[in-house]
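Participant: The lines below spell out each chain.
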Amino acid sequence: MKIVIILMLLFILFSLGSAMFYLVKGQGKSQNTVRFLTVRVVLSVLLFLFIILAAHMGWIETQQPAFLRP
Amino acid sequence: MSEASKDQYYVPHLAKWPIVGSVGLTVTVLGAINLLNSENPGTPWMLYLGFAIILLMMFGWFGEVIKESEDNLYNTQVDTSFRMGMIWFIFSEVMFFGAFFGALFYARTFSVPWLGGEGTGLSTNEVLWNGYEGVWPTNGPGDLGGRFELIDPYHLPLINTLLLLASSVTITIAHHALRANNRSQTIIWLIATVILGAVFLFYQAEEYIEAYRDLNLTLSSGIYGSTFFMLTGFHGMHVTLGAIMITIITIRVIRGHFRPESHFGFEAVAWYWHFVDVVWLGLFIFVYIL
Amino acid sequence: MSHDITHDGVADHHDHDHKPKGFVKRWLMTTNHKDIGTLYLIFAFAMFILGGAMAMIIRLELFQPGLQFVEPDFFNQMTTMHALIMVFGAVMPAFVGLANWMIPMMIGAPDMALPRMNNWSFWILPFAFALLSSTLFMEGGAPAGGWTMYPPLVLQGGHNVAYLVFAVHLMGISSIMGAINVIATIMNMRAPNVGYLNMPLFVWTWLITAFLLIAVMPVLAGAVTMLLTDRYFDTSFFNAAGGGDPVLFQHIFWFFGHPEVYIMILPAFGVVSEIIPTFARKPLFGYVSMVYATAAIAFLSFIVWAHHMFSVGMPLGAELYFMYATMMIAVPTGVKIFNWVATMWKGSMTFETPMLFSLAFVILFTIGGFSGVMMALAPVDLQYHDTYFIVAHFHYVLVTGAVFAIIAGVYYWIPKWSGHMYNERLGKIHFWWSTISVNVLFFPQHFLGLAGMPRRIPDYSTQFAEFNMWSSIGGFAFGLAQVFFIYIVWKTVRGGEKATGQVWEGAKGLEWTVPSPAPHHTFEDFGPVDLDKMAHGKTH
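Residue numbers (UniProt numbering), protein chains in the order written: chain A, 1 to 70; chain B, 1 to 290; chain C, 1 to 540.
Hints may contain errors.
[As the list claims (entries may be wrong)] Capping the alpha-carbon separation at 27 Å, the derived lysine-lysine pairs in DSS-like fashion look like this: (1) C/Lys19 to C/Lys282; (2) C/Lys428 to C/Lys346; (3) B/Lys16 to C/Lys25; (4) C/Lys491 to C/Lys25; (5) C/Lys498 to C/Lys428; (6) C/Lys538 to B/Lys16; (7) C/Lys25 to B/Lys67; (8) C/Lys19 to C/Lys498; (9) B/Lys67 to C/Lys498; (10) C/Lys346 to C/Lys282; (11) B/Lys16 to A/Lys25; (12) C/Lys533 to C/Lys282; (13) C/Lys491 to C/Lys282; (14) C/Lys491 to B/Lys16; (15) C/Lys21 to B/Lys67.
It should be emphasised that the hints constitute simulated quantities derived from the structure, not laboratory data.
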């Protein structure tokens, strides 16, 4: 499950990077910058929902210091 | 060749703000050094003075640039130079955060397990830190700072994640609205973004207070405390900076700056805000949850 | 052609109108790339002399075994400050100065892309070095833990830790802004008909260097920030008791440090690649392969950092990986060396001072490169590590490499900057004086290192005495030669034979199409340029 989270994070980074690329290439005229930024916002929301779901279903464990572990 | 002609690359003459900035940086840094090195520091006036000079420089410098931009002195080529400046600045920020994330990953995958006796760390563990279990999160085999508890990720950090995500959504809506030349919508959504950012900062401060007061989680809580506070702290500084920049952009939109087809200042700030949000996602996942 | 002449006439006319009057306006508030380049070069020269004076103190103490002149702690301050000043204060600013002066003229741009920021990049540096140097006069003295700032040693430095960290932050800010400016200039400010593969190699090497700077200076800033918090805020990044690791600092530092090495040498490759074709009167051999080799070196520089740490105790797999990765760097570097040699093959060569320094660069840098390959071997590096062999190696690549290239560049372009030819006889004396003395200075250090003399130690066992004495004599002679260089530069700036616009018979490039001295503003109309005048204008 961790791998899904990390992959989604990579996709988000990729769309953010693409938006940066078109920030220079598109000169503000093309739709690409704002489109990729929208993609990255949607992906982030999905990732967030997935994390909630995964925690709820017990797919991922949150960290605890050794002396507090059951 | 008049300097105002738009088909020429605009080269400013006589920049008075950089030297002010250098003096400001130096005063700030000296103020910080004195603060760190003195036994009982009083009010750090020098630090404040330095900040004041830097602020003055920023107002003066950006004011000059904004005026030149609105006076139509910049052609598309100048615009491209600014764009390149911004993306490579952000790239340098990514590398700065990279150093701290690198420290976090190194501690989690190498140094803590080694101290716990994994791999070649076996004898180190036996001789020096016998009985230490190298499991993250930890304040190290020396139990530095004493026992601590963790921030519950599904309480304040979750709310904060929601807040920042929402602020990304609002700034994206503002971005679309500006492109559609819908100014009142742009202003409303920009103000919403600033408010969400400010609430985020408020909760972040709450979280630090809780950590210090109730959980005994401090900067001196070993490597966990170090990475936790440094990563979230630098992120918080960037949120502050981003919120200030969005405020300035909002004022500029209210004053009628920017056009649907040319609004680089807006795009740069929006992109910065997205970058800050993605860094937070990384923090939420690697610092709080996994 | 007529276009060029009218253009120059216009530029010349503007020169008288636009050069600001008065010291403050001309230098403190300047946005002109040539003035800022001059500032960088003067600053770098001043730092070179300051760092050189520290080296003289080091060589004086090492002249004989035993402790004669300075306290051991002061000796350590000297080695630390010498390195910091030479790396961040002399070599890097000197190359930024050359970039400022030459890049806009080489690609037909009216100025750097972000002129105001250009001013700021420079004017942070004097403040940063004033901060750093002020520690010399404080109680407890300057940082003495080595320029690599390894914890926990450096954290025992007392009050100077904060000065060191913030000075490095300021230098980083300056370098990052300078690099952003170089990238924006090269990518956005080329004359309309100049493509990437028409650019002179000096421009190419600087473009790649600028990427390296932006990628690694923030990492250094992160590393020293962690030092600061470990020292003043009780964090445990580099403290094993808290779960951190002192070796973590070395990893982060050398992730910066190894690309930093190429930041100091890639522009030197660029300078030499300009000079050798001019005096061999042949185009550069293998231009495109030079570009690829530069990019390959830059890429490799990110994945070899731990070869500085073979003796620290890494897992065996890591040692093997970093050993093989490091040796791969020899391939693109070899491509460059052979290309320079092939450029000279059957050329009609003359040996003016810039050419002499460039030839010395090719030969002596290669010696430094070979000793580099030797210590890339993890098992034998355990013997070389932290000995004078290392000191000899990096001084061959940095002094006879980077510094010689800077000196060659100054001789090559000073007629364009000042409008006067330097005195060729004095230049040749300077060359032979420097080249002989620098080898007397550094070559014996190879033997000292192999025999086991450790670096950063003010005293040594008597069997090292003779080579150390030779080394010190060479050191004093080399130091004096650079004072002589100041005299030559001063004399050239003040007067001398008038230089033509072309200056060198075999030189090609846009910078030679403008008069000497170059007018205050060049290429103001930003129109297409004559590609025939460029060394690589037509061939690709």
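Participant: Decide, hint by hint, whether the structure agrees.
Facilitator: Quick rundown of the hints versus the structure:
1. Distance hint between lysine 19 of chain C and lysine 282 of chain C is unfulfilled; the C-alpha atoms sit about 37 Å from each other, more than 27 Å.
2. A threshold of 27 Å between alpha carbons decides the hint, and for lysine 428 of chain C with lysine 346 of chain C the separation of about 24 Å falls inside it, so the pair holds.
3. Taking the CA atoms of lysine 16 of chain B and lysine 25 of chain C, the gap is about 9 Å. The hint holds against a cut of 27 Å.
4. With a C-alpha separation of about 26 Å, the suggested pairing of lysine 491 of chain C with lysine 25 of chain C holds against the 27 Å cut-off.
5. For the proposed pair lysine 498 of chain C and lysine 428 of chain C, the alpha carbon gap of about 19 Å is at most 27 Å, so the pair holds.
6. Straight-line distance between C-alpha atoms of lysine 538 of chain C and lysine 16 of chain B comes to about 42 Å, which puts the hinted pair past the 27 Å bound.
7. Taken as a hint, the lysine 25 of chain C and lysine 67 of chain B pair is honoured in the structure, with Cα atoms around 22 Å apart against an allowance of 27 Å.
8. For the given pair, lysine 19 of chain C sits about 21 Å from lysine 498 of chain C by alpha-carbon distance, which is consistent with the 27 Å threshold.
9. Pair hint lysine 67 of chain B plus lysine 498 of chain C does not hold up; C-alpha atoms about 44 Å apart against a cutoff of 27 Å.
10. Annotation: proposed proximity of lysine 346 of chain C to lysine 282 of chain C holds, straight-line Cα distance about 9 Å (limit 27 Å).
11. Using a Cα cut-off of 27 Å, the hinted pair lysine 16 of chain B and lysine 25 of chain A is violated, with the two alpha carbons roughly 32 Å apart.
12. A threshold of 27 Å between alpha carbons decides the hint, and for lysine 533 of chain C with lysine 282 of chain C the separation of about 14 Å falls inside it, so the pair holds.
13. The suggested pairing of lysine 491 of chain C with lysine 282 of chain C is violated, with an alpha-carbon distance near 31 Å, which exceeds 27 Å.
14. The suggested pairing of lysine 491 of chain C with lysine 16 of chain B is violated, with an alpha-carbon distance near 33 Å, which exceeds 27 Å.
15. Under the criterion of a C-alpha separation no larger than 27 Å, the hint pairing lysine 21 of chain C with lysine 67 of chain B is consistent with the structure, at around 26 Å.
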